[in-house]
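Q: Given next are the chains, with one letter for each unit.
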Amino acid sequence: MFLSKKASLRGKLEGDVTVLGPSEIGEGSILGIYTVVGYPTYRKIKGISPSLEAYDEVSEGAVIGESSFIRSHSVIYERVRIGKSVQTGHGVLIREDTVIGDGTVVGSHTIVDGRVNIGRNVSIQSGNYIPPESVIGNNVFLAPFVVITNDRYPASRRLLGVHIEDEAVVGANSVLISGIKVGRGAVIGAGAVVTKDVPPDTVVLGVPARPVMSRDAYDRKKEEYERGA
Amino acid sequence: MFLSKKASLRGKLEGDVTVLGPSEIGEGSILGIYTVVGYPTYRKIKGISPSLEAYDEVSEGAVIGESSFIRSHSVIYERVRIGKSVQTGHGVLIREDTVIGDGTVVGSHTIVDGRVNIGRNVSIQSGNYIPPESVIGNNVFLAPFVVITNDRYPASRRLLGVHIEDEAVVGANSVLISGIKVGRGAVIGAGAVVTKDVPPDTVVLGVPARPVMSRDAYDRKKEEYERGA
Amino acid sequence: MFLSKKASLRGKLEGDVTVLGPSEIGEGSILGIYTVVGYPTYRKIKGISPSLEAYDEVSEGAVIGESSFIRSHSVIYERVRIGKSVQTGHGVLIREDTVIGDGTVVGSHTIVDGRVNIGRNVSIQSGNYIPPESVIGNNVFLAPFVVITNDRYPASRRLLGVHIEDEAVVGANSVLISGIKVGRGAVIGAGAVVTKDVPPDTVVLGVPARPVMSRDAYDRKKEEYERGA
Numbered sequence: 001m002f003l004s005k006k007a008s009l010r011g012k013l014e015g016d017v018t019v020l021g022p023s024e025i026g027e028g029s030i031l032g033i034y035t036v037v038g039y040p041t042y043r044k045i046k047g048i049s050p051s052l053e054a055y056d057e058v059s060e061g062a063v064i065g066e067s068s069f070i071r072s073h074s075v076i077y078e079r080v081r082i083g084k085s086v087q088t089g090h091g092v093l094i095r096e097d098t099v100i101g102d103g104t105v106v107g108s109h110t111i112v113d114g115r116v117n118i119g120r121n122v123s124i125q126s127g128n129y130i131p132p133e134s135v136i137g138n139n140v141f142l143a144p145f146v147v148i149t150n151d152r153y154p155a156s157r158r159l160l161g162v163h164i165e166d167e168a169v170v171g172a173n174s175v176l177i178s179g180i181k182v183g184r185g186a187v188i189g190a191g192a193v194v195t196k197d198v199p200p201d202t203v204v205l206g207v208p209a210r211p212v213m214s215r216d217a218y219d220r221k222k223e224e225y226e227r228g229a
Numbered sequence: 230m231f232l233s234k235k236a237s238l239r240g241k242l243e244g245d246v247t248v249l250g251p252s253e254i255g256e257g258s259i260l261g262i263y264t265v266v267g268y269p270t271y272r273k274i275k276g277i278s279p280s281l282e283a284y285d286e287v288s289e290g291a292v293i294g295e296s297s298f299i300r301s302h303s304v305i306y307e308r309v310r311i312g313k314s315v316q317t318g319h320g321v322l323i324r325e326d327t328v329i330g331d332g333t334v335v336g337s338h339t340i341v342d343g344r345v346n347i348g349r350n351v352s353i354q355s356g357n358y359i360p361p362e363s364v365i366g367n368n369v370f371l372a373p374f375v376v377i378t379n380d381r382y383p384a385s386r387r388l389l390g391v392h393i394e395d396e397a398v399v400g401a402n403s404v405l406i407s408g409i410k411v412g413r414g415a416v417i418g419a420g421a422v423v424t425k426d427v428p429p430d431t432v433v434l435g436v437p438a439r440p441v442m443s444r445d446a447y448d449r450k451k452e453e454y455e456r457g458a
Numbered sequence: 459m460f461l462s463k464k465a466s467l468r469g470k471l472e473g474d475v476t477v478l479g480p481s482e483i484g485e486g487s488i489l490g491i492y493t494v495v496g497y498p499t500y501r502k503i504k505g506i507s508p509s510l511e512a513y514d515e516v517s518e519g520a521v522i523g524e525s526s527f528i529r530s531h532s533v534i535y536e537r538v539r540i541g542k543s544v545q546t547g548h549g550v551l552i553r554e555d556t557v558i559g560d561g562t563v564v565g566s567h568t569i570v571d572g573r574v575n576i577g578r579n580v581s582i583q584s585g586n587y588i589p590p591e592s593v594i595g596n597n598v599f600l601a602p603f604v605v606i607t608n609d610r611y612p613a614s615r616r617l618l619g620v621h622i623e624d625e626a627v628v629g630a631n632s633v634l635i636s637g638i639k640v641g642r643g644a645v646i647g648a649g650a651v652v653t654k655d656v657p658p659d660t661v662v663l664g665v666p667a668r669p670v671m672s673r674d675a676y677d678r679k680k681e682e683y684e685r686g687a
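Residue numbers (the numbering used here), protein chains in the order written: chain A, 1 to 229; chain B, 230 to 458; chain C, 459 to 687.
Incorrect hints may appear among the rest.
Unchecked claim - Not close to chain A: a few residues of chain C, all C-beta gaps over 10 Å, as computed:
1. K470
2. E482
3. E518
4. V521
5. G585
6. H621
7. K680
What the hints assert, rightly or not - Covered by chain C, according to a simulated footprint, are these stretches of chain B (three or more residues, beta-carbon under 8 Å):
8. 271-284
9. 399-408
None of these hints come from the bench; they were simulated from the model. Just so it is clear, CB atoms sit at the ideal spot from N, CA and C, and this is done for glycine as well.
Next up, chain A with everything else stripped away, as it sits in the complex (with noise of 0.2 Å):
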């Protein structure tokens, strides 16, 4: 258990807790056993002997909000931002100048892999991996592992993001490649691969990804299948 002097602590812990640097935890929250918060970048650990007491002295905290709740196992850097009423999963990683919105699900074993800005009431499924320069809107929904990439060339000198705009859906297991932009609304099948822009309201699937129908629909589909038809 460390917890350091720097730190606002308004929530709770479940036991044995790290939480490094001026962090706040907000009014309600929970941090889940054997998490660590406020976790010093890289550069920071470089030019110092490791320690908690040597980490909390370069550590610029994380900030999570009123009534979330960290579950065990989970890492979050520092320069981290969480908003309120956030909940994820068990042994997820959160890096550095990562920014989540209010009411967002971040799934257990996801990977968030810093620089990443994620909004609101977003639905992260299980082992997610988002890596640094994603952009997530509002209202998005991720299935489980889904992976997205930062680099067409990899190993390339450029990182280029991936923007999931407002209310899209994407399915589980699928691939989106560095730099595409998935439309509002759009949905992405299971498996795919996505390696073009997907306009708004379109529905994709394939190897590589093909457009098959509309949101609409999609969203028809989505009724009948919910009625049991």
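For this one, chain A is given, so just place chains B and C on it according to the hints.
A: Below, chains B and C without anything else, positioned relative to chain A:
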């Protein structure tokens, strides 16, 4: 270290371990370091001030049979029932109301996301994702990073599980779409996206997956391969 | 915290760490919080009453070279040999009899599942799965969530590793089928399912993967991309 007074601990602990509620750990079983057993569901936690003592009070516990091994950094929720001689890898998450039969293996980093039925002598390799409502028979083999889904039109209000019957083999990084049935002895190739039922003893491949041969033909190729041909 | 008396610890510890057997941690190396180094193989554990003291007695230890960094929540088995200036991400699992060369990076949540040879200056991104018998050369780049397999007809009695030669690039969420050789400088596109050998300096894409261009053509496109064209 937190060991519930309500728990029946006949197994051994590697080190720092958390056991909550009336959990039962069978004779000869091992709990790995940094594991949590009997973790309460969110519904229970919401109403209370979180701490291991408070969780212990509300947890209904988990049952782990004789001679089983839960490896380090794993989380087992309340109302999970794990049989005898079950082995799980490191960093496994098994959520509530899951049943796992005797002799089954659950690979490292795998997520069994609650309300799942898994039979006996199943081999689940590393990094699988198995969502609520999934049903897996006996002697099934799931290769690494299989992703199973439970919603055909996400994010809908209807969950529809995948059923995998006895003796089926599911290839690495394949995706099984919500609601399909994988017949007894069927084989799914690596990387396949399976959108329809797979008939018994049938091998399917591709995106979307299509039949390519019978299980008999597969088994003959397998024998040749095992002979090194 | 458990530090074997048999271990040679010249590096530093972040906090609660377990080091078992005659492990060697080089000068300037760091072990992250909640990591376990020198974890014994199952064969060793089966015969004994488990505890860190008992594990310490049977463990053959792991070797980690100078200036390396094993981040939090990771497990390194006995008989692993990690070189100098190696960095691993959080929640990594590296099983027994694995060799990792100097300057290599192993991304967060990656599983190296034992008996794997990895060269120097390899970049393994997050969430990779690398099974027994895999051989990876020098300067290879593995994008996030690559899945490598080692059994062409699971579940067979014959494991046949994938060989990836120097300078190869493997795209995100691709699957490499057991037994294939990825030639020197070859490039595999994201989401590909690679069922056959890939010739040197050849770019392959798709399911199943097919050649689409030369490495020279790829490198020209990469240069244009890096210039922002």
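Q: Let me make sure I understand: some of the numbered hints might not hold for this structure. Which ones are they, in numerical order?
A: 1, 5, 7 and 8
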